[in-house]
Amino acid sequence: MIEILVTIVLVILSGYIIYRNIKKSSKGECNCSDCDTHCPKYDDKIKIKK
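So the number in the working numbering is just where the residue sits in the sequence shown, counting from 1, plus 506.
Since the hints were made in silico from the structure, they are not lab data.
One or more hints might be untrue.
Taking CB as the label site, the calculated pair distances span [stated by the list, open to error]:
1. Lys533 / Thr513: 28 to 36 angstroms
2. Gly534 / Met507: 28 to 36 angstroms
3. Ile508 / Lys529: 25 to 33 angstroms
4. Lys533 / Val512: 30 to 38 angstroms
Glycine included, C-beta positions come from ideal geometry on N, C-alpha and C.
Produce the entire structure from the sequences given, and follow the hints as far as they go.
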C-alpha cells in the first residue's frame with residue numbers, strides 16, 4: 507500500500523515539474539531549476555544588456 511502512495515506522489519511531482527518547465531519554455535523564460543550562469547537563456551540576457 508505504501509509503495510502505491512509513494513509512486514502516486516512521485517508521478518504527481520514529476521508531472522508538475524514537467525508542466526512548469528513546459529509553461530516557462532513557452533513563455534521564453536529559463537526552464538532551468540535555478541537559472542545559474544550555465545543557463546543559455548541567462549547568457550542571452552547578459553548579451554542584450556551589454
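Verification of the hints:
1. Lys533 / Thr513: 28 to 36 angstroms: 31 angstroms, holds
2. Gly534 / Met507: 28 to 36 angstroms: Violated: the Cβ-Cβ distance is about 43 angstroms, outside 28 to 36 angstroms.
3. Ile508 / Lys529: 25 to 33 angstroms: 32 angstroms, holds
4. Lys533 / Val512: 30 to 38 angstroms: 32 angstroms, holds
Of the numbered hints listed earlier, the single one contradicted by the structure is hint 2.
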